[in-house]
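Chemist: Residues per chain are reported as follows:
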Amino acid sequence: MDPAHLRDMARHVWGEESQAMMRSFRPSDSVLMRYEQNILECDRAIRGHRVMDLGCNHGLWSYCAMRHGASHVLGVEPRGMFVRGLNSFAQQHSLPMQFQRGHDTDVARLIREHDIDTVMLMSVDDITQWESMMWDIRRSGVTWVIMQNSAVPDAWLQFHREVYDHAESSGLGMPVGFTLHYESHNSDTRSRINPLHRDLADPDTGYQHLDHDGALDLQSSRVFLSKKSLAYIRRFIDHAGFTIERSLSQSQAVRASGGDPSRNTKGASASHSMYQWYLLRNDK
Amino acid sequence: MTHATTIALTVRADMQDEVQGFLHHKTLPGARVRLGDGVLEHRFTRAGEQHQFVMTQELAEGEHDLTLEFMEDREPQGALEVRSLRVQGNPMGLDLFRCTYRPWKRQEALPAHLYMGWPGTWSIEIQVPTHTRMGGVGFD
Chain A
1 MDPAHLRDMA RHVWGEESQA MMRSFRPSDS VLMRYEQNIL ECDRAIRGHR VMDLGCNHGL
61 WSYCAMRHGA SHVLGVEPRG MFVRGLNSFA QQHSLPMQFQ RGHDTDVARL IREHDIDTVM
121 LMSVDDITQW ESMMWDIRRS GVTWVIMQNS AVPDAWLQFH REVYDHAESS GLGMPVGFTL
181 HYESHNSDTR SRINPLHRDL ADPDTGYQHL DHDGALDLQS SRVFLSKKSL AYIRRFIDHA
241 GFTIERSLSQ SQAVRASGGD PSRNTKGASA SHSMYQWYLL RNDK
Chain B
285 MTHATTIALT VRADMQDEVQ GFLHHKTLPG ARVRLGDGVL EHRFTRAGEQ HQFVMTQELA
345 EGEHDLTLEF MEDREPQGAL EVRSLRVQGN PMGLDLFRCT YRPWKRQEAL PAHLYMGWPG
405 TWSIEIQVPT HTRMGGVGFD
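Top to bottom, those sequences are chains A and B.
Position 114 (the first sequence) corresponds to 114 in this note's numbering; numbering is contiguous.
Heads up, this note's numbering is the position in the second sequence plus 284, with the first residue counted as 1.
Worth flagging that the hints you see were computed from the coordinates, not collected in a lab.
Note that beta-carbon positions come from the ideal geometry of N, C-alpha and C, so glycine has one too.
Please note: incorrect hints may appear among the correct ones.
[As the list claims (entries may be wrong)] Interface residues of chain B toward chain A, partial, derived using beta-carbon atoms under 8 Å: (1) Thr289; (2) Thr290; (3) Ala292; (4) Leu312; (5) Gly346; (6) Arg370; (7) Gln372; (8) Asp379; (9) Pro387; (10) Gln391; (11) Glu392; (12) Leu394; (13) Pro395; (14) Gly404; (15) Gly419; (16) Phe423.
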């Protein structure tokens, strides 16, 4: 990461008000860990490839992929403030990056139109229609998927007697995992956007909590986050037909570096879980 | 260790019953913004005027109150309305409503109020460092 580039990215995205913060910006341990797992460890899926970063937000991972040899990066993000700022940044520095406004439902079309080799999915598993998106990617010509999830532990749901009884009597078999649904709000520029009111969202910020008259509208900004269990994610990856080239959990990564797994949970800790990283191959 | 923190708070003066011709009975409000050791003031000069307070402070890690208050407590005077807040350039959304308005003449705290009809103090918590503690701020 080039600190001068990051400062300038921030200036394009957040304006001059970001510059005092950026003068002393140092990537946090959490950012560095994600950098290692999503970029450095996925070199073969990035270098020389056309990469799409879905839900790119402030564009940090798009930028990192470009710096690590991606031939072209397409960042997709519904919030205009990021798309406009990042395009301006890329153009000013003549970087092979392009940003477009879009949603998870645009994945198949964008992959086709931009001849994408690798899709990056950085913590979008709980704010998208994840299964549909994964099927779209599987059906596409994409070769690689770099994915950072924050699944919940399988042990969180102890199966009750009723589950076994139902499995037996219904013929459905035992559950392979579970999804927990959390009610939340589109409250900041990283939040999920309510898909029902997508067209009415503020085009710059994606916010949905104000109506046309500027009055508070909590109904339109209400969203559901879907946290999937680790076993379910793995079963789904297998079901969709991806090959897992590499997978690692945050606790494994921290232990491998001699650290304490209970630390460095910023970001994922907000959702009571830790990160898992995957490199998936999409064989035909 | 301190962290440079920039806020941009946009405030509007609302003379409320201008239409009814009561404007002459009220004075235009003045507003004072505080964060850390920083203080900014602005006296509004016309009804409906919007003013943006932009301030950068070096703040220690932890919670800090950003406050907006009337410069005088006399009445009648126009109201103040918080229109928007950016932290490090990032526009706050629904979290802006995690604020409290305390009218001076009433012994109560009114949560989630952006409109200050009576002289008083409005405050919101800024969590520092913002890029690791406030959603959507900075690279994290």
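Chemist: Next step is simple, just say for each hint if it's right about the structure.
Modeler: Each hint tested on the structure:
1. Interface restraint check for Thr289(B): the shortest CB-CB distance to chain A comes to about 7 Å, inside 8 Å, so the restraint holds.
2. At its closest, the beta carbon of Thr290(B) sits 5 Å from a beta carbon of chain A; the interface hint therefore holds under the 8 Å criterion.
3. Of the supplied interface hints, the one on Ala292(B) holds, with its beta-carbon coming within about 6 Å of a beta-carbon of chain A, less than 8 Å.
4. Taken as an interface hint, Leu312(B) does not check out: its beta carbon lies about 22 Å from the nearest beta carbon of chain A, beyond 8 Å.
5. Using the Cβ-Cβ criterion of 8 Å, the hint placing Gly346(B) at the interface with chain A is not satisfied: the shortest such distance is roughly 16 Å.
6. For Arg370(B), the shortest C-beta to C-beta distance to chain A is roughly 6 Å, which falls under 8 Å, so the interface hint holds.
7. Hint status for Gln372(B): holds, given a least beta-carbon distance of 5 Å to chain A, under 8 Å.
8. The beta carbon of Asp379(B) comes within 5 Å of a beta carbon in chain A, closer than 8 Å, and the hint placing it at the interface holds.
9. Hint on Pro387(B) is violated. Least Cβ distance to chain A is approximately 20 Å, over the 8 Å limit.
10. Interface hint status for Gln391(B): violated, as the beta-carbon distance to the closest one in chain A is roughly 26 Å, over 8 Å.
11. For Glu392(B), the interface hint is violated, since its Cβ never comes within 8 Å of a Cβ in chain A; the closest pair sits about 20 Å apart.
12. Contact between Leu394(B) and chain A, as hinted, is not supported at the beta carbon level, the nearest pair being about 14 Å apart and thus beyond 8 Å.
13. Taking 8 Å as the C-beta contact cut-off toward chain A, the hint placing Pro395(B) at the interface is violated, the least distance being around 13 Å.
14. The beta carbon of Gly404(B) comes no nearer than 20 Å to any beta carbon in chain A, farther than 8 Å, and the hint placing it at the interface is violated.
15. Interface hint at Gly419(B): satisfied, since its Cβ lies 4 Å from the closest Cβ of chain A, which is below the 8 Å cut-off.
16. Checking Phe423(B) against chain A: minimum C-beta separation of about 5 Å stays under 8 Å; hint holds.
Hints 4, 5, 9, 10, 11, 12, 13 and 14, counting from the list given before, are not met by this structure.
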